[in-house]
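> Sequences listed follow chains A and B, in order. Note that the numbering used here has the first sequence beginning at 87, numbered continuously upward. Note that the numbering used here has the second sequence beginning at 87, numbered continuously upward.
In case anyone wonders, no lab produced these hints; they're calculated from the structure. Yeah, the Cβ is synthetic: ideal placement off N, Cα and C, and Gly gets one too. Heads up, a few of these hints could be off.
Said to hold, decoys possible - Covered stretches of chain A (in silico footprint by chain B; criterion: 3 or more residues with CB under 8 angstroms from a CB of chain B, positions within the stretch not fixed):
(1) 104 to 117
(2) 135 to 142
(3) 310 to 322
(4) 332 to 338
(5) 425 to 438
What follows is the residue order along each chain.
Protein chains: 2
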Amino acid sequence: MIFMAEMDEHKRAVLVICDGLSDRGKLTPLSAAETPNMDYLARNGICGLMDAISPGVVPGSDTAHLAILGGDPYNDYPGRGPFEALGGGIELEEGDIAFRANFATVDRDWTILDRRARRSGSRELAEALGMEIDGVRFIVKHTTEHRCALVMRGRGLSSAISDVDPHGPGRVLESKPLDESEEARRTADLLNKFVKRSYEILSEYQTPANILLTRGAGMFRRVPSLKERYGFRSFCVAGSALYKGVAKFLGMDVIEVEGATGSVDTDLGAKADALLSRIEGYDLGFVHVKAADSRGHDGDWEGKKVFIERIDEELIGKLIGLDGYIILTADHSTPVSIRRHSSDPVPVLIHGEGVRVDRVERFDEVSCGEGGLGRIRGVDLMPIIADYIGYYRMYGV
Amino acid sequence: MIFMAEMDEHKRAVLVICDGLSDRGKLTPLSAAETPNMDYLARNGICGLMDAISPGVVPGSDTAHLAILGGDPYNDYPGRGPFEALGGGIELEEGDIAFRANFATVDRDWTILDRRARRSGSRELAEALGMEIDGVRFIVKHTTEHRCALVMRGRGLSSAISDVDPHGPGRVLESKPLDESEEARRTADLLNKFVKRSYEILSEYQTPANILLTRGAGMFRRVPSLKERYGFRSFCVAGSALYKGVAKFLGMDVIEVEGATGSVDTDLGAKADALLSRIEGYDLGFVHVKAADSRGHDGDWEGKKVFIERIDEELIGKLIGLDGYIILTADHSTPVSIRRHSSDPVPVLIHGEGVRVDRVERFDEVSCGEGGLGRIRGVDLMPIIADYIGYYRMYGV
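Given the sequences, and given the hints that come with them, work out the whole structure.
See the structure below:
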């Protein structure tokens, strides 16, 4: 009779999400790329396909990350604003209304001259917009270039209001309530007053930024953290505010890494180093890599392929020695042929002790479809990881 | 460097549902059939398995089509009656109670002599049964042979009533309320009065049809159309009332095709021609083919195989040149060994621009199980099609 050694120690895991990694068609950038490290993990791991939300649903990056990182993409989703605000470093409170915001240039009629104010903006301009109107505080935080986060804090507010940003050419819009509630009416009204004040204040500075435009209103409500859901400690390495924000929303620590930009110039090696050096104090490290998605949006097949090869060499190559699990996947496909997110499922692989090594030889869209994980959903991934690293939850006895 | 052409135009799709196509066992009629056209699509497309409802649930043709055509098989399902009535050409109103009905022959004691009245029936007989009882209108529409649709229209009705049709030998049943409501009691009572009147009226005609039996009571409630759900225009080509009814229920246009009978003598070429000639004004054309299911119910392995070969040659062969997507699947399996629907998932394939071409070489139950779609559900199919043809919906940003 064999008694197995008791193994209830915890293992570590690194989750790599390559934004927009996968594609459509016969020869995809991922299938064409030379990716010896990813292929090594595929050969020695278990592979599958994953729908971040569900088959046929085209995920935004926000909802996809929320699901993959262990949240409920429908019930926990607060809209984009709170993620951007959290990622931008604002500590949110229950009931706060948060927005993505950006400095823009308008003429006297509030017709948009440049939605991005020549990509200008600063902490000074953002702080100049801090104010209180009718008992509601407005907090503006500059993040990158023309981008900010805006938070409205006070009683009786609603996120059911429309965007001020016209999302294109034309005039600045008036925010309107999206339901019949008094809260929505009041919030829209206060926001319109704030935008007017932003124009008056910013016009006194000699910069292209002369108004602040908002979109993606969302109310912050605290949801259970990953620690509360699974018991493990986790951290995030990401360049862009959105991904840091989703991570923070789920209670992950956010580690700032010099050179992690969220662009094609990002320092992938520095991200790998940050992961490996910080993982000691954690159970799960999540790293987000943005640029494959951007190349997909640009329709740049070759650029996408080349960047995937960089991920393979500079990031995955460094992680391979990790004592623990490596999970490699994407949040959604961004096919270069359509230059937008698509619902095509993403490849996913799990490498580490004890996984059922299937017959997949290569990390690409079609090969992973033949793998041992089958086709799973975003919400399935974190419980699977939790079980491997010993933080499983049992249902029943 | 490759830049792909921008593609936000809409494409067209043809959805072919072969009723009861798939089977159980090692050598199925589908795997044994010579199907060069289906196999061509499989080799150059993406394949998978699909559970119309969910694994292990044996679908009716009505619920399966409701799910596959984009409805919610649980929340939208009104029971069989409304589908038959819509498919039979009755314009239903909110709150109508609709039934499948059939002329039968009974003796003076209402013992069934022939449940199908020697397959006789006519428009004249159906119209003779139009009446009003206690403020409720009874509308009868003859469809084929002994078959009719019956609609009760009026206030305060309920579909929670039992069938009059005994579904076998014996006496005609009294309809009974299935819950405690006053509406159910009243509806059953009115229906029983109507059946009694049908016997009195029909007995005056010298035909085998001397009573009208009802089953499948359902209340009609409007649900969002495919156009409202996805934004695209769709039409249906089918021989049998049920499938036209489900299509109409979901807001599809129903195109009548000479020779589309829903039987083994159906003119498959005429259906293909109708699809191809009408697709111009639409985004999605759906064609239903019935007879493989009937052969399954008959336990006729050879007949099923031969009919599948006809589908391949006469229908699929004509569609292959289509500029757009071809989706080929079934609503459920009807194994010849058990002569009923089963929960075995159905094969599904999608052929068209940009699909991830997997390694499946043949369109059959086992080969498709190795395909790149994995195992999806009926409700997943329409969102997947919508994304391919450019009517995707994004969840999140």
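> Test coverage of the segment 135 to 142 of chain A by chain B using CB-CB distances below 8 angstroms; three residues minimum.
holds (count 5)
> Do three or more residues of the segment 310 to 322 of chain A come closer than 8 angstroms to chain B, measuring C-beta to C-beta?
violated (count 0)
> Within the assertion that chain B covers the segment 332 to 338 of chain A, do at least three residues meet a Cβ-to-Cβ distance smaller than 8 angstroms?
That given contact is violated, which follows from only 0 residues of the segment 332 to 338 of chain A lying within Cβ reach (below 8 angstroms) of chain B.
> Are there at least three residues in the segment 104 to 117 of chain A whose beta carbon sits under 8 angstroms from a beta carbon of chain B?
Contact hint for the segment 104 to 117 of chain A vs chain B: holds, 4 residues under 8 angstroms.
> Verify this for me: three or more residues of the segment 425 to 438 of chain A with a beta carbon less than 8 angstroms from a beta carbon of chain B.
holds (count 7)
In terms of the numbered hints stated before, the structure departs from hints 3, 4, listed from lowest to highest.
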